[in-house]
Every structure is written in structure tokens, then in C-alpha cells.
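Novice: Residue-level listing of the chains:
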Amino acid sequence: MRCRTSIDGRRTTGCHILLAGALVAVTFALSLLGGAVALPVTLKGTVTKDDVIRAEPELASAAVGNVKTGATVHVLDRRGFWQRVEGPAGKGWLKMSSVRLDSSVSAGAGLAALATGRGATGNIVTTSGTRGISVEDLTDAVPDTDELQRLEDLSVTPEQAQAFSQEAGLTVREVSYVGPSGSGRSAPGGKPDEK
Amino acid sequence: MRNRNPLRHSSPRTRLQALPVVWGLALLLAGAEVAKADGLDRIGGALGDALQKKLKTTGTAPTATSRSSVDAASKVVDALAGAAKGDSRQQEIELGRGVAAKMLGAYDLVDDPALQAYVGNVGMIVAMRGERPQLPWRFALVESPSVNAYAVPGGVVFITRGLYELLETEDELAAVLGHEVAHVQRKHHYKVMQQQNLVGSLSEAAASQVTVDSALLDTLWSRATEVMTRGLDKSAEYEADRDGMVLAARAGYDASALLTVLEKISVSAAAGSDTSMLYSTHPTPAARLAALGDVITPELEAAAGLSRAAWRLQEIAADNP
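So the sequence lines, in the order shown, correspond to chains A and B. For reference, each letter of the first sequence is one residue, going 1 to 195 in this note's numbering. For reference, each letter of the second sequence is one residue, going 1 to 321 in this note's numbering.
Honestly, the hints are just simulated from the structure, not real lab data. There may be inaccurate statements among the hints.
Unchecked claim - Under the rule of at most 25 Å between Cα atoms (straight-line distance), these lysine to any residue pairs were calculated in the SDA-like manner:
id : chain 1 : residue 1 : chain 2 : residue 2
1  : B       : K191      : B       : S235
2  : A       : K91       : A       : G65
3  : A       : K49       : B       : L278
4  : A       : K44       : A       : E56
5  : B       : K187      : A       : D77
6  : A       : K49       : B       : Q195
7  : B       : K191      : A       : R79
8  : B       : K191      : B       : S280
9  : A       : K49       : A       : R79
10 : A       : K49       : B       : A304
11 : B       : K234      : B       : Q195
12 : A       : K49       : B       : A236
13 : B       : K191      : B       : T281
14 : B       : K234      : A       : E152
15 : A       : K91       : A       : E136
16 : A       : K49       : B       : G305
17 : B       : K234      : A       : D50
18 : B       : K191      : B       : M128
19 : A       : K49       : B       : K191
20 : B       : K191      : A       : E152
The structure displayed is predicted, hence computed values, not measured ones.
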């Protein structure tokens, strides 16, 4: 998409997407500097689980208060798994998994952007009211081997993916599986069946 | 384009009959050599055409699926005691490809090679951090306004346009694909198909195509596809969330991205997006968020925060208006 300017000086919609992208980039740069992502508006949320508010956005940080299920909090910032909230017990960091955002604030355009505070993509569309594929559509479908061949043609080799990963500067990390079935196990699904 | 109904029921019936035959032959041929097969491309062509012709002359009219025909089909197939075991990994792949073909009878692949390559690359980056990197993985975007994604046994992952368009960052895409890779890795759907005796039944029936009513195959394929539309145990979904989060984090992506995706799905559902199938097959986003919050380790916490690839998703969107 090239940013074109028409004779009367008005920009095309494609240009708006670019501008939105630039805005996102700036927001992102600022967020790197600040460490936290400032939300464009204050969001309200409901606490879904009794939890601890901490001084810093990390598990090891000191508790500065508690929140009860059902309490209303204002969400101010977000960082990783954490949200900075203001509630009955004051300000502090609460796990985002313990808060459900108030959906009424997020109806309408840009709802997803509000939900993360990471800026709009310009490609979000409202799909309200349109229905997709049903169970019957799938079970009654006639197999499409031509489309399956097109799917096979979409293959990406590990080498291509590796290059694509490096291009963006992604770095592989050691992270252990978590949870009841994951802890202490290195290979879900049994032994790897690969060579 | 986005609201286009991609249903297609106009394909010739012979196609329907030919696929299981091809699949059955693949199983008959199964051995160390076939274990390297990458889909149908090795076994289609003239062989498939010849079989189609054979079917046209001997073919039986497919009949409507009913409970009694399912039962009858099961009995017939059960009677064909367990030969054709072959390579179980290859069996899983071939079964998955058959299910994928059926799903692609209802869904169109998004006709955008650059976008498909992008989704494929991110999927592979995540899959390579898992336990089955050598599967013939395919990651594809399908046309549908619904918010959903599927993990077909053997390594086929579909994500709907409706879900993709909720995503803002590559981290979030990696989180979604990680969840699906985890399903395949744990063989969640494949195990259900095995429990329903569909895996052996299909291989037997497909191998015996000439003597078995093709309505039986229709029924079996429908049942296998139905598994993709029915919910797994909730525990399997929570497991896929946890494993997927770990795989994405290992690949260098934001470990917390799955949480923002779940939040978006929740918000999008409240705003009226079609999340009906997703909601009928998964615990609520709020329950999944809460469960993830309980398993955060310092290691995951250290892997939280946008990755350096985060905004690539938006660059792709800008390049492909």
C-alpha cells in the first residue's frame, strides 16, 4: 500500500492505515521507553477472583492490598500479565486474569484496540450479525481435494520459518511446561515420534 | 469479500468417493517409504483418475446419514478386524488430511498468498518449539466471519478471518496458533476419533471401498469431521492454553499474548461477533483467563511483553489492504 495524495490534497483511506501504523509505532516506541502501555482511555473492569494487588507487576512484589470478587476497578496500564488498577483498596498491579473488562465500554469500532490498549490495527471489522459456518455445513460438506492441494502448497519449511524468525529478531527461550499435566514433563503426548 | 458465504456443494459426487479411496490406498501402501509422504500429491494423479472411473461404473448412490446407518456401518467395519494398522503417525496424518478436505468443502482458503505465507511462517516458528516439529504442518486462514480456529490431527491448523481480524500483534497470532499446535501435539482430537473407533474403521472401509457401500464412507468421514465441531473435555482446552502459551514463549513471543486474545474474544462476543461454535466447544474466555492466571511462573513472567516481531502483523495488513 502506497500513500497517495489526490489532486485536492485529500489522502486515501490506505494512507489512513499507514498513519495508524505510524501512530502505533510511536505508541510502541513510547511504551518501550516507559515500560508500560498507557491505555488510550480508562477502562472499567470487574474483579472475577479474590486477589492481591501488588506494588510492582511481578509475582515476587509486595502486596499492597486485596480485591474481592465483584469489585469494580479502573484499569490504568498494562504490562505483560499485569494491569495497573485503581480500586477500593487504592492503586496497584493486579493480574489481568483476575479482571473482566466491562464489555459496554468496548462496543463499537476499535473495541479490540481498547481491550489491549496497544493501538488500532486499521484492519478490524465489525462482524456483528453475520454467521459463519455451522456444524451441519461442515459435516455435510463435499470434500474438496483441489482446495486440499492448495493447502498442501502452503507449506513452509522449518528453514523458512527459522529465517522469518531471525528477520524479526525473535530469540528462542527455555520455558518449561506448566500446570497439572505439564510440570516436570518435557514431552506432552508421550515420547516424541520424530526422528 | 468478508461476508461472502463460502459454502460449496456443487462438486461432483465422484470427488467425494475418490478421496477415501486415495486415502485407503495410501494406507495399504503404508510403510517406511510412505511415512515421508507430504499429503496427497504423491498419490493423486492418474491413480486417482482411474479409481474415479472405476467408481463411476460400480458406484452406489450415497444415502443420507441416519443413526441406523451409522450403527450398521460400525458393525460392518468392526467385523473387518484390525488389519491395515500401518504406521500410526501416517494414519493420523492421512485421517487429518481427509477431515481437512471435508472442512475445505465448507470453508474457502483466503485467497492471499502473502497473508497465508505469513500465517504459515508464524505457525511453523511455534510448531518447531514443540514436540512434533517434523509433522507436515499447514497453517491456513479460511474465509469466515466466525471467530474460531481448528486443530486437525496430523498438523493442519485453520484460523478464521473473523478471529484473525481481532488480532493486533504477531504475538497474539502466535498465541492462537500455539493453542492449536498444542492440541495436535497432545493428539486431543485424534484420541477422540480413536475412541469412537473411527480411525480403524476408516482405514478398513477405505481399503475395502470396492465392496463396501460408499454411504458408509460418507458417514465415517462426517463423524470424523463432527469431532472437530464437538467440544473436547474442558481439561484438554485448558491444557492446550497452557502448552500453547509455553510454545509461543519459547519461540520468543509475548507469553501473555494469549490472555489479550481471550479478552478480545470475550469483548468481540459481547459486541455481537459470531463466536457460537467457539463458545460451544471451549470454556468461557473468562474461565480460561482465570485458569492461565493460576499457572504463571517466573519463567513465563520473564517472557511477557511484546516481542520484537509484534508489529509485523500490522505491516502485513498494510501491505495487503
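Novice: When you check the alpha-carbon spacing of A:K91 and A:G65, does it fall within 25 Å?
Specialist: The hint holds at about 9 Å.
Novice: Compare the distance between the alpha carbons of B:K191 and A:E152 with 25 Å, and conclude whether the hinted pair is satisfied.
Specialist: Given pair B:K191, A:E152 holds - Cα atoms ~24 Å apart, limit 25 Å.
Novice: Given the hint that B:K234 pairs with B:Q195, test it: the Cα-Cα distance must not exceed 25 Å.
Specialist: holds, 17 Å
Novice: Hint check: B:K234 vs A:D50, CA-CA at most 25 Å. Holds or violated?
Specialist: Measuring from Cα to Cα gives roughly 23 Å; hence the hint holds.
Novice: Has the given pair, B:K191 with B:T281, been kept, meaning a C-alpha gap of at most 25 Å?
Specialist: Holds, because 16 Å separates the two Cα atoms, which is no more than 25 Å.
Novice: Do the alpha carbons of A:K91 and A:E136 lie within 25 Å of each other, as the hint requires?
Specialist: With a Cα-Cα distance of about 50 Å, the restraint between A:K91 and A:E136 is violated, given a limit of 25 Å.
Novice: Quickly compare the C-alpha distance for A:K49 and B:A236 to 25 Å and report which way the hint goes.
Specialist: holds, 23 Å
Novice: Run the distance test for A:K49 versus A:R79: straight-line Cα separation, threshold 25 Å.
Specialist: holds, 19 Å
Novice: Is A:K49 close enough to B:K191, meaning Cα to Cα at most 25 Å?
Specialist: This hinted pair is violated, its Cα atoms lying about 34 Å apart.
Novice: Keeping to a limit of 25 Å between CA atoms, is the pair of A:K49 and B:A304 held or broken?
Specialist: holds, 22 Å
Novice: Below or equal to 25 Å on CA atoms is what counts here, so check B:K187 against A:D77.
Specialist: violated, 38 Å
Novice: Check whether the Cα positions of B:K191 and A:R79 lie no farther apart than 25 Å.
Specialist: violated, 38 Å
When held up to the earlier numbered hints, the structure conflicts with 5, 6, 7, 14, 15 and 19 and fits the remainder.
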